[in-house]
Amino acid sequence: MPQLGSFTLLLGLALSVYAFVAGLFAIVRNDDRLSETARRAGIAVFLAVTAASALLVYAAFTNDFSVDYIRQHSNRALPGAYKFAALWSGQEGSLLFWCWLLATYGLILRLRHKVDTRLVAHASVVISAVQIFFLLLVNFAAHPFALGTGTIPADGNGLNPLLQYPEMVIHPPMLYLGYVGMTVPFCFALAALIMKYPGEKWIHITRRWTMVGWLFLTCGIFLGSYWAYKVLGWGGWWGWDPVENASLLPWLTGTAFLHSVMMQEKRGMMKMWNMWLIFSTFLLAIFGTFLTRSGVVSSVHAFAESDIGPYFVWFLALTFATCAFFFWRNRSHLESEHKLESLVSRESSFLFNNVLLLVATFAVLWGTLFPVLSEWVTGHKVTVGPPFFNKVNIPIALFLLLLTALGPLLAWRKTSAESIRKNFMVPAIIAVAVAVALAAGGMKPWVDISYFYALMTIMLSVLVAATIGSEFIRGGLVIARHNSSNVFHGMYLLTRRNTRRYGGYIVHLGVIVTMIGFAGVAFYQNTEQELSFGDKMSIGPYTLVCRSYTQDDKPNYSSEWAILDIFKNGKQIDTMYPEQRFYKASGQPATIVANRSTIMEDLYLVYTGKNPENGRPIIKAHLNPLVWWIWAGAHLILVGTIIALIPNMQAKSRKQSPPDKPRSLSDDVAERRAPVEAGTD
Amino acid sequence: MRIAPKMLHRWAMLLLFASALLLVGASGDRTGQRFDRLGHNLMCECGCGQVLLECNHVGCSTSEQMRQELKLSMARGDSDEVVLAGFVAKYGPAVLSAPTTTGFNRVAWIMPVVIFLAALGAAVVVIRTWKRRAPRPASDPVGAPEELDEFRRRAREETKL
Numbered sequence: 001m002p003q004l005g006s007f008t009l010l011l012g013l014a015l016s017v018y019a020f021v022a023g024l025f026a027i028v029r030n031d032d033r034l035s036e037t038a039r040r041a042g043i044a045v046f047l048a049v050t051a052a053s054a055l056l057v058y059a060a061f062t063n064d065f066s067v068d069y070i071r072q073h074s075n076r077a078l079p080g081a082y083k084f085a086a087l088w089s090g091q092e093g094s095l096l097f098w099c100w101l102l103a104t105y106g107l108i109l110r111l112r113h114k115v116d117t118r119l120v121a122h123a124s125v126v127i128s129a130v131q132i133f134f135l136l137l138v139n140f141a142a143h144p145f146a147l148g149t150g151t152i153p154a155d156g157n158g159l160n161p162l163l164q165y166p167e168m169v170i171h172p173p174m175l176y177l178g179y180v181g182m183t184v185p186f187c188f189a190l191a192a193l194i195m196k197y198p199g200e201k202w203i204h205i206t207r208r209w210t211m212v213g214w215l216f217l218t219c220g221i222f223l224g225s226y227w228a229y230k231v232l233g234w235g236g237w238w239g240w241d242p243v244e245n246a247s248l249l250p251w252l253t254g255t256a257f258l259h260s261v262m263m264q265e266k267r268g269m270m271k272m273w274n275m276w277l278i279f280s281t282f283l284l285a286i287f288g289t290f291l292t293r294s295g296v297v298s299s300v301h302a303f304a305e306s307d308i309g310p311y312f313v314w315f316l317a318l319t320f321a322t323c324a325f326f327f328w329r330n331r332s333h334l335e336s337e338h339k340l341e342s343l344v345s346r347e348s349s350f351l352f353n354n355v356l357l358l359v360a361t362f363a364v365l366w367g368t369l370f371p372v373l374s375e376w377v378t379g380h381k382v383t384v385g386p387p388f389f390n391k392v393n394i395p396i397a398l399f400l401l402l403l404t405a406l407g408p409l410l411a412w413r414k415t416s417a418e419s420i421r422k423n424f425m426v427p428a429i430i431a432v433a434v435a436v437a438l439a440a441g442g443m444k445p446w447v448d449i450s451y452f453y454a455l456m457t458i459m460l461s462v463l464v465a466a467t468i469g470s471e472f473i474r475g476g477l478v479i480a481r482h483n484s485s486n487v488f489h490g491m492y493l494l495t496r497r498n499t500r501r502y503g504g505y506i507v508h509l510g511v512i513v514t515m516i517g518f519a520g521v522a523f524y525q526n527t528e529q530e531l532s533f534g535d536k537m538s539i540g541p542y543t544l545v546c547r548s549y550t551q552d553d554k555p556n557y558s559s560e561w562a563i564l565d566i567f568k569n570g571k572q573i574d575t576m577y578p579e580q581r582f583y584k585a586s587g588q589p590a591t592i593v594a595n596r597s598t599i600m601e602d603l604y605l606v607y608t609g610k611n612p613e614n615g616r617p618i619i620k621a622h623l624n625p626l627v628w629w630i631w632a633g634a635h636l637i638l639v640g641t642i643i644a645l646i647p648n649m650q651a652k653s654r655k656q657s658p659p660d661k662p663r664s665l666s667d668d669v670a671e672r673r674a675p676v677e678a679g680t681d
Numbered sequence: 001m002r003i004a005p006k007m008l009h010r011w012a013m014l015l016l017f018a019s020a021l022l023l024v025g026a027s028g029d030r031t032g033q034r035f036d037r038l039g040h041n042l043m044c045e046c047g048c049g050q051v052l053l054e055c056n057h058v059g060c061s062t063s064e065q066m067r068q069e070l071k072l073s074m075a076r077g078d079s080d081e082v083v084l085a086g087f088v089a090k091y092g093p094a095v096l097s098a099p100t101t102t103g104f105n106r107v108a109w110i111m112p113v114v115i116f117l118a119a120l121g122a123a124v125v126v127i128r129t130w131k132r133r134a135p136r137p138a139s140d141p142v143g144a145p146e147e148l149d150e151f152r153r154r155a156r157e158e159t160k161l
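Chains as they are written, first to last, in our numbering: chain S, 1 to 681; chain D, 1 to 161.
Same shape as in the complex, but just chain S (with noise of 0.2 angstroms):
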């Protein structure tokens, strides 16, 4: 079975360097029956990596612990779902996981051929190129297939223990869908750059498809964070660690883009710069791979340290010339249409939005990779955690919050300073009158500069809330008066009309609530205590009881849980189970954490072990403020870029109606004018 999947694989590196040659000289030759194999090989590329990939599953499946990589990161106890998780839980069989779902992407492109079959065919050649790199890694370099050493073992090692969760389960294929996904915008932007693609279909396309990636990182993103609050026991969901930083840097740029783009679409502005946001979202998902797996910068997270590092920067260094060369020739191609008239329009909004994304990129990268910049220039090694990291960025967070909640009152081109006191006067007070009543209810910032950032945060999100929330009402109203109905579903069908400027709303609306999620954490509590029976111990409003400790025993793991009574003021309100494990195959243990969220806090409480002196258990338990509204807000988002991807009713009338009918009247009162009625973005 190894040696098939290893053919699989040596299969799918000939077809895709078959894709990319036949493709590119059919480019040159302009030969459409060569073009054609080219797309047909790459179709088979999927065929193959797919192949191979399930080759691995099964080998996992069937404990077939001849291959190394099954020996390292399975065992026969382990339980079916998890089986297959290995198939991403190491660095040899996440690289197989890459490869395949690069070549899904690819075979959608070219599936999709017919939306434009000179641009995909560019398109094709390029994704080609990376499938090409991916698939020497896996075959040369990180081979998932390789035969382990010695005798074969009856049993495999197993799975981390930390990964032996349903989130995890999930949430890499989430992330890797968000990493890989940044390939196709940045095929379609590389493919029209070479080409100098005429008109505009190229951006459209591309922005969907960074679309795409977009909200699966940002789901990747969250599911991990989840994930990390869940499983790691720290009481937190994010810690700056490289990889999570890694994962970030692309998030970021990617947000620049979709903002960014808008001046594209809208004025033929801003082109050179979206090109390169594109080229770096790509190359900054590519760089956080290496960061990941090249052992450069140590990670709470990472895989184990690797000689793939080099083949990386190589491939990031090529890619950056590539870029670079067809920029240099072709940036004619890319001149701006129109130019910025006012610096209070909304164009000047979404330039200083750029430059606040790409500082805060710019933060993160930088505090990530300082510590390999001081040991080259000081020989000593220094680490920049979550301090440095907060420090930077919160300011920055803020400042765009600020933005986000002025960037829909201003109009493209020019905003009077008049239409700025009036829409934005109600908003400010509204806000203004909430922080102040949160620092007379103790939220005092002069006291602790958490408490500060936090009465911020707050005040921003309610003004960015008030202004989000006056678009879609004075748009319903508008909507109901013609229709005779309700304010809802006037803003029900402004949605649907529009749902790329509102479902966009709408995920601005799920970042201030994560916002406010995050800023509970100026509140957070926890507190450490042996526990034996009957014992309490009290955290914010709450008093643990320790009922009874019990113990089980599985095939894959031994376990130990707390029963604790949780009172509320005098009054029993649940009952938890905090629990230990002792996972027999690799010898390691972990925790699972009890969790009781509310919309308000979360008790959070962990079995530490038992102190070693006198064997009495440790509960800590940690009294987490607003952590469900981080992930009511991460829904908020993903339900935004759902509604955003899906075509709007107006679009959808119009594509029934004559090629040649002319352009709507209301696109062009939508662009003189932004703020209007029933919006048009």
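Among the hints, a few may not be true.
To be verified - Derived lysine-lysine pairs resembling BS3-like cross-links, with alpha carbons at most 25 angstroms apart:
id: 1; chain 1: S; residue 1: K536; chain 2: S; residue 2: K571
id: 2; chain 1: S; residue 1: K610; chain 2: D; residue 2: K131
id: 3; chain 1: S; residue 1: K381; chain 2: D; residue 2: K90
id: 4; chain 1: S; residue 1: K339; chain 2: S; residue 2: K266
id: 5; chain 1: S; residue 1: K391; chain 2: S; residue 2: K444
id: 6; chain 1: S; residue 1: K584; chain 2: S; residue 2: K536
id: 7; chain 1: S; residue 1: K266; chain 2: D; residue 2: K71
id: 8; chain 1: D; residue 1: K131; chain 2: S; residue 2: K339
Calculated from the structure, these hints are not laboratory results.
Since this is a predicted model, take the numbers as computed values, not measurements.
Starting from the structure of chain S, add chain D where the hints point.
This is chain D only, laid out in the frame that chain S set:
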């Protein structure tokens, strides 16, 4: 009004007692906060790569030992600088969770600010340059009021269901 010395003494004692209570309360709170703050300025040296107070390793003896060292140093009355210097002397500079503001480490803090200011300045310059180059609109970009009214009327017409 004259206050009796005995009364004054009682008030003084009460004030002293209240102050002592406040100080004890405040210092108790400050010690907890200080431990939390300093503990977040240090990394656990067990190899987990996490902040000292957030090491989640089950039964991690290293983090426990380091926490005891931190408590001991604080109990000795060491200043923050002395506490952290003690850890650096024992475990090396990587034990601090963020770069210091001395020597080459200063660069870590300065660069994001420099980049932020430079990017902001560049954006303003770009906008101003573009603004100067842009052709001036013949009239208000949204058009004359009557023209706008016509636009509005037709837009409403088009967006009606």
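Of the hints given before, which are not true for this structure? 2, 6, 7
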